[in-house]
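Based on the hints, put chains G and C in the right spot on chain V.
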Amino acid sequence: MSQMHESVSDFHWLLDVLQTIDVGILVLDLDFNIVTWNGFMENHSGIPPREALGKNLFSVFPDIPQEWFEHKSRTVIQLRNRAFTTWEQRPYVFRFRNNRPITGLAEYMYQNCTFIPVSGVRGEVENLCVIVYDVTDVAVSDMELQKANNQLQRISRVDGLTGLFNRRFWEEQLVAEFLRLSRSPHPTSLIMFDIDHFKTFNDTYGHTAGDEVIRAVARVTRESVRESDIAGRYGGEEFAILLPDTAAEDALQMAERLRETIENTVVESEGSRLKVTVSLGVAGWCDSFRNHAEWIKRADQALYRSKERGRNRVSTEEKA
Amino acid sequence: MSTTVLICDDSSFARKQVKRALPPGWQVDISFAGNGREALSAIEAGKGNILFLDLTMPEMDGFETLEQIKSRDLPTLVIVISGDIQPEAMARVKKLGALDFIKKPVDAKRLEQVLTDFGLYSG
Amino acid sequence: MIVSDLDEELRDAYQEIANIAMGRAADLLARLLDNYVVLPIPKVNLLERSELNMALGSLEEFDSVSAVCQGFVGSRIAGEALLIFNDTSFQDIAELTNFAGEITPQIELELLMDIANILIGAFLKGLAEQLDVSFSQGQPVILGQHLNLLDLANRDYGNWKQALTIEIPYRLEGRGVDCDLLLLFTEDSLEVLEGKVRYLLE
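So the sequence lines, in the order shown, correspond to chains V, G and C.
Quick note on my numbering: the first sequence kicks off at 1 and runs consecutively.
Quick note on my numbering: the second sequence kicks off at 321 and runs consecutively.
Quick note on my numbering: the third sequence kicks off at 444 and runs consecutively.
The shape of chain V in the complex, shown without the other chains:
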């Protein structure tokens, strides 16, 4: 008798622990009706037990993606194998507001969940238990870290003044493309261009104006290129665009449009309205190039011809 008494009291304190533990516990029957839950679930959902117990899970929590939840549960029940879900996969299963004014950076609680098949006395799976862990802190700091990493990576690729790729990253892309081309040749072009009389700008209007001009040309370039094109700042006032899957004739047209747009752009700097033009050189990839530098050189030569022919124009490489 006293042993019986002891086990009942054991049971009581065990229930007390389950009720107060800072982890969500939810038990469902195989028709997804809520059999029982603990204080964590009640307090975070704000739903009183009488509106939840015995009711269908998806009517009590209409935000749960039903199909997904049923699929996971079926696998767990049929294979008698527990399943884990993580916040990376789905930020939350139960949409609980993150009620923390001071430490709460996230709007909703991030959750990891474990689905456990529960067998009855006959050995058949009769219930499904879902354990819910609040992983908001981990998720938030992980995402902050990722954001910082992305930013770092972006910074190391991008030129600060123009927002175009910096020379190092741009050239890496060119090398990679060059290697791809040597394996599977297809028409690809390169445009090199620089700002006409840039030195005069700097001398006449000052460095701030010079920077404004470079920024304006970069902006027009960014807006003119396609998603697949790779535009970079090659040097002081020199720019470069790699155009994958583009024949030289098409690149030539594209260069011409770019030239025209820049010619029609007015740069305002400290009260002055400045006109700016560029000279461009276009070179299609050619299987006789031994390395990417030869390709750049060919485009540079075309650029030089544009300068010789009076600037503000596009030239292509001399046919060898």
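Derived by calculation from the structure, the hints in this document are not laboratory data.
For clarity, every value in this text was computed on a predicted model and none was experimentally measured.
A few of these clues could be false.
[As the list claims (entries may be wrong)] Chain C regions said to be covered by chain V (calculated; three or more residues, Cβ under 8 Å):
1) 465-475
2) 551-557
3) 561-567
4) 618-631
[To be verified] Incomplete in silico selection of chain V near chain C, CB under 7 Å:
5) Glu88
6) Gln89
7) Asn112
8) Cys129
Cβ atoms here follow ideal geometry from the backbone N, Cα and C, with glycine treated the same way.
Only chains G and C this time, still in chain V's reference frame:
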């Protein structure tokens, strides 16, 4: 001449477990093989009236061994003992002529039942 | 992988136990996907930490991978399971699970977790039953999607010296699905494991 039993498994641990699961007092001569190729020569030498065969083995696996036994019409009764408990694996070995399938780790009662069912042992 | 000093009788027993646990996991996977799983022979080794990096780097046929890790502990045996999934496998897995639509990284993550839950969970269950122990599984950690294997190989794996590893390269029959399950048992677990297995060997 008493019945010869061949236990074929690449793991000596598994071979020992099968041997230990055989009915005590079963009057048979037991030999061992580490893969299908060894098993085939042992059967040809008359050492395998009954063959307990594993499936996952190097050199020659259990499926291929069964094919060989079938195509060469070797005189042996095969009972597969394997950890590959996929229904597909069981179906395949039956189709290839195995008498029955016993899952690992081998259970002595189940083994005795199978032997009794096929009249190979009467305790 | 590089074989360190591991008693042959013990290695053989570990391999057989892994073989049975692997069979259980394959059975569940086959039922989930309705496709036969080709069972390999598990590779059991004692690895130094530096050899782990090399071992991971040597899975060269995988260009781009996704990986999940899950810790387990129980009866003084502890370790981690690492599932490395070849990214080219997702297309077939999606077909097998009747998933129609574009395979976004999010979908890949769902599929990856489904497979990991089964392969890791069922393997550990099969192992625990044979050794007569029970394991608690920790929350899985996604090491990354679309990783280069070198990224995995070059990670810092803490400061242990030696671990027992079991490597199982699963393959689906008639499908381009490849994944590697790697289990690592901590140094401290080795004695307990050996005791359990020696008992079975008697």
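Cross-check of the supplied hints:
1. Remark: the segment 465-475 of chain C is confirmed as covered by chain V, as 3 of its residues place a Cβ nearer than 8 Å to a Cβ of that chain, reaching the required three.
2. Residues of the segment 551-557 of chain C lying with their CB closer than 8 Å to a CB of chain V number 4, which satisfies the three-residue condition for coverage.
3. With 3 residues having a Cβ less than 8 Å from any Cβ of chain V, the segment 561-567 of chain C passes the three-residue criterion, so the hint holds.
4. Three residues within the 8 Å Cβ limit are the bar, and the segment 618-631 of chain C against chain V gives 0, so the coverage statement is violated.
5. The interface hint given for Glu88 (chain V) is met, as the beta carbon of that residue sits about 5 Å from the closest beta carbon of chain C, less than 7 Å.
6. Checking Gln89 (chain V) against chain C: minimum C-beta separation of about 5 Å stays under 7 Å; hint holds.
7. Hint status for Asn112 (chain V): holds, given a least beta-carbon distance of 5 Å to chain C, under 7 Å.
8. This hint is violated: Cys129 (chain V) has a C-beta 14 Å from the nearest C-beta of chain C, more than the 7 Å allowed.
When the structure is compared with the earlier hints, violations turn up for hints 4, 8 and for no others.
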